[in-house]
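Asks: Work the whole structure out from these sequences, hints included.
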Amino acid sequence: MGWFDLLKQGLKKTSQVLNTDIRDLFKQEGRLVDDAFLTELFAILVRTDMGAGPAGEIRDQVRTEFRGRVVHMQDVLGTVRAKVREQLQQPEEPIQFANSGPTIVVVVGVNGSGKTTSIAKLTHMFKQQGKSVLLGAGDTFRAAAVRQLTIWAERLGAEIVTGNEGSDPASVAHRAVSQALEKNVDVCIIDTAGRLQTQTNLMNELAKIRRVITKQIDGAPHEVLLVLDATAGQNAISQAKGFSDAAGCTGIVLAKLDGTAKGGVVIAIRKQFDLPVKYIGTGEKSEDLALFNADEFVKALFE
Amino acid sequence: MLRQFPKSKMFESLQNGLQSAWKSVRGKGKLTEANMREGLAIVEQSLLEADVSYSVVQDFMGRVQEQALGQKVMQALDPGQQLIGVVRDELINLLGPVDSSLHLKSDTTVLMLCGLQGSGKTTTCAKLARLLLDNNVQSMLVAADLQRPAAIEQLHVNGDKLGVPVYSEPGAKDPVVVCQNAVKKAKAEGVRVVILDTAGRLAIDQQLMDELSLIDKRVAPDQVYLVVDGMTGQDAVNSAKSFNEALELNGVIMTKLDGDARGGALLSVKHVTGVPIKFIGTGEHLDALEPFRPEGMAGRILGLGDTLALVDEVRKIVDEDERQKWEEQAKKGEFTLDDFKLQMEKVAKPGLMQKMLGLLPGAAQLQEAMAGADSAKEAKRFIGMVNSMTPQERRNPKVIDPQRRARIAQGAGVQAQEVNQLVKNYEIMKQMVTGMANAGMGDRMRMLNQLKDGALMNPGAKLIKAKVGTGKRLSTEEKQKMKKLRERELKKRKRGGG
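First to last, the protein sequences are chains A and E.
Here the first sequence is numbered in my numbering, starting from 1 and rising by one per residue.
Here the second sequence is numbered in my numbering, starting from 304 and rising by one per residue.
Hints may contain errors.
[As the list claims (entries may be wrong)] The list that follows gives simulated cross-link-like pairs (lysine to aspartate or glutamate, EDC-like), each with its CA atoms no further than 20 Å apart:
| # | chain 1 | residue 1 | chain 2 | residue 2 |
| --- | --- | --- | --- | --- |
| 1 | A | Lys-83 | A | Asp-60 |
| 2 | A | Lys-83 | A | Asp-274 |
| 3 | E | Lys-628 | E | Asp-590 |
| 4 | E | Lys-680 | E | Asp-624 |
| 5 | E | Lys-733 | E | Glu-637 |
| 6 | E | Lys-794 | A | Asp-274 |
| 7 | E | Lys-476 | E | Glu-456 |
| 8 | E | Lys-680 | A | Asp-168 |
| 9 | E | Lys-649 | E | Asp-624 |
| 10 | E | Lys-375 | E | Asp-402 |
| 11 | E | Lys-464 | A | Glu-165 |
| 12 | E | Lys-476 | A | Glu-284 |
| 13 | A | Lys-285 | E | Asp-508 |
| 14 | A | Lys-131 | A | Asp-288 |
| 15 | E | Lys-649 | E | Glu-625 |
Calculated from the structure, these hints are not laboratory results.
Replies: What follows is the structure, encoded as structure tokens:
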């Protein structure tokens, strides 16, 4: 199955919600754009978690363009699609590989956002591309997190560097990068413990992990991926800010997009920050990862 | 290079929003219905930003509108406060009533936890076991999550930490059988409470929902609790609805509320299920499970902070006698370096300061300003310095001359200027403490706000500097200068950030 199909499949629910609801707005002959209509449109937009602000802007644009007219669905859909695409527009941006030597990828996020599963999916993807992968089990805090990653490493045929529970994650990262250099693997993915962006000392720990890696390889880590839960609401904006400030995120992995109809918070994040969504998680299996693409995302959203 | 983000408006509280919206009104002294509708729109926006689901917000606004447009609010001296009061009361009303009881039976009680993936079920199971342990009730944890790799092991590690038995069947395929066997075993051994940790699922996954229903039917748990991530967005209504339909929930536990999430999803979940909210999770450690209080949650959802929880937090570290003694001393203007040291010792716990700050209204910005300040570490340095002082120096730091200073610095292993810093901080603190002790409630709040604003005017300031900023009132000129600086900074950001 191509990635576009995967994406469509994952987004089917979202697409259904949006399509059905918008179709309901317009009876066959079209419908007058009045306050009641605009309120209904606003409700549909807010339900995608894009946030009251961006949803309000879209509503206002529709109001300006269509006020008092009897419209057809495709007209309004076209406007909404154009507006959302405009907000999400970005170059298609896969992982930036190092020019030579191992590419270091650090994965960060709040507790339960789906970091470990996303790492498994990334590992699978790199292996499919014929690359060798080494994992650094940097979540030394949560009970059995190391074990969870080890199971994935065994399943996917990746090497893994671990530390004891409670040991310094920066030292695990350091050892992982050293081994990656020594064995000349293509990609080294460092897992980190889930943390909330308001926990200053834990955010400092991320900054330390970053510093340690930079000392070993100039220009590393090449990617710092923030894993966001697609069911998250507006707090994801605070997450994007907090983690980027501490760890210098280079992109977002939007996980659990298949589970629900949502994921619209990336629209708000794109609007506020210069942080691209790189991948989307569309299922529970290790192959359920697709490249994020604004055009296709919007197309699949309203198709 | 690290990306720096412009400060967004997301932390702007409802209070500020209403204040700025009604600034013009106040001058004229009259509030029209149109103004009030504008205010209501701000309340609506604020609730949506707190992630309350759209349909729930509509329903809620319907409830408060009538009251807001009534004479009492419209003609109040401060309609903004009145409106917030109405909204807050209605929130408390909807989030309540309180029922943190686990409804234990005289024999074995079976609790079942369910929820979406990553909501925090396994951690919450362990927290419940810990809570029971604190009340001398023996429990047994059951690893019924056979989906996620190492979930069983995670429960075992937590169980070992607490000294609570964990039941699991290695290689088992059917969670129903595991639960049945576990309950049988618990009953045979006379264990009071069995806690079932089920697999996380996606609400739309019918197969896994059926599995949950089957456990519910076959094992017949006495209480079924839904675990909800505090950061959940609009979708909360959908997932809560499907869980409630499949399982008939008895209660809700919301997790991850130690961060800056406003947790509006809780209102959605309550609205859909109608079952009581039992506990909230406020940290990663196993004792961080608190009985739910609608008052605190209402303040949080509205972005008003939770001052009651702050008082609780302070009570936890300072007992009442001690507090009274301090208060008396402070009233007399007595506050020595020894007292300062004692206070420092109380807060010299990692993360405690941040946690307490997080409970202050509008404290998100304060926390940001404090980012990078390791207050626990700094407190420890202070303690070290005070320890190196003679009793005389502690009573009267004015006697500390360069010679004494060098001795103290050497003793504590710090730079001499840090001793200066300590004395300076102590003096500011003394001013605040003795000032506060003699101030009324209103003045205290004002001082607290001054402290907050001090940190805001100086973003990026460390703890020490934040305190310096509050010690003296700025002159009008200084304030003007600050304002200009801020405005210039804002303009720069606007231009740069596009």
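Asks: Hint check: E/Lys-628 vs E/Asp-590, CA-CA at most 20 Å. Holds or violated?
Replies: At roughly 29 Å apart (the allowed maximum being 20 Å), E/Asp-590 and E/Lys-628 break the hint.
Asks: Are E/Lys-476 and A/Glu-284 close enough, with their CA atoms no more than 20 Å apart?
Replies: holds, 18 Å
Asks: Just to be careful, I want the Cα atoms of E/Lys-680 and A/Asp-168 compared with a cutoff of 20 Å; is the pair within it?
Replies: Given that 20 Å is the threshold and the Cα spacing comes to 18 Å, the pair holds.
Asks: Between the alpha carbons of E/Lys-649 and E/Asp-624, is the straight-line distance 20 Å or under?
Replies: Between E/Lys-649 and E/Asp-624 the Cα gap is close to 15 Å, so the pair holds against 20 Å.
Asks: Against the 20 Å threshold, does the CA-CA distance of E/Lys-680 and E/Asp-624 hold or violate the hint?
Replies: violated, 27 Å
Asks: Starting from A/Lys-83, check that the Cα of A/Asp-274 is at most 20 Å away, please.
Replies: holds, 17 Å
Asks: Take the C-alpha atoms of E/Lys-464 and A/Glu-165, compute the straight-line distance between them, and say whether it is at most 20 Å.
Replies: OK: E/Lys-464 and A/Glu-165 at ~13 Å, within 20 Å.
Asks: Are E/Lys-375 and E/Asp-402 close enough, with their CA atoms no more than 20 Å apart?
Replies: The hint is violated at about 32 Å.
Asks: For the pair we were handed, A/Lys-83 and A/Asp-60, check the Cα-Cα distance against 20 Å.
Replies: Roughly 11 Å between the alpha carbons, so the hint for A/Lys-83 and A/Asp-60 holds.
Asks: Quick one, are E/Lys-649 and E/Glu-625 close enough, alpha carbons at most 20 Å?
Replies: holds, 12 Å
Asks: Compare the distance between the alpha carbons of E/Lys-476 and E/Glu-456 with 20 Å, and conclude whether the hinted pair is satisfied.
Replies: Given that 20 Å is the threshold and the Cα spacing comes to 16 Å, the pair holds.
Asks: Check the hint pairing A/Lys-131 with A/Asp-288 against an upper bound of 20 Å on the C-alpha distance.
Replies: Satisfied, since the Cα-Cα distance of roughly 18 Å is no more than 20 Å.
Going down the numbered hints, you'll see the structure goes against 3, 4 and 10, while the others check out.
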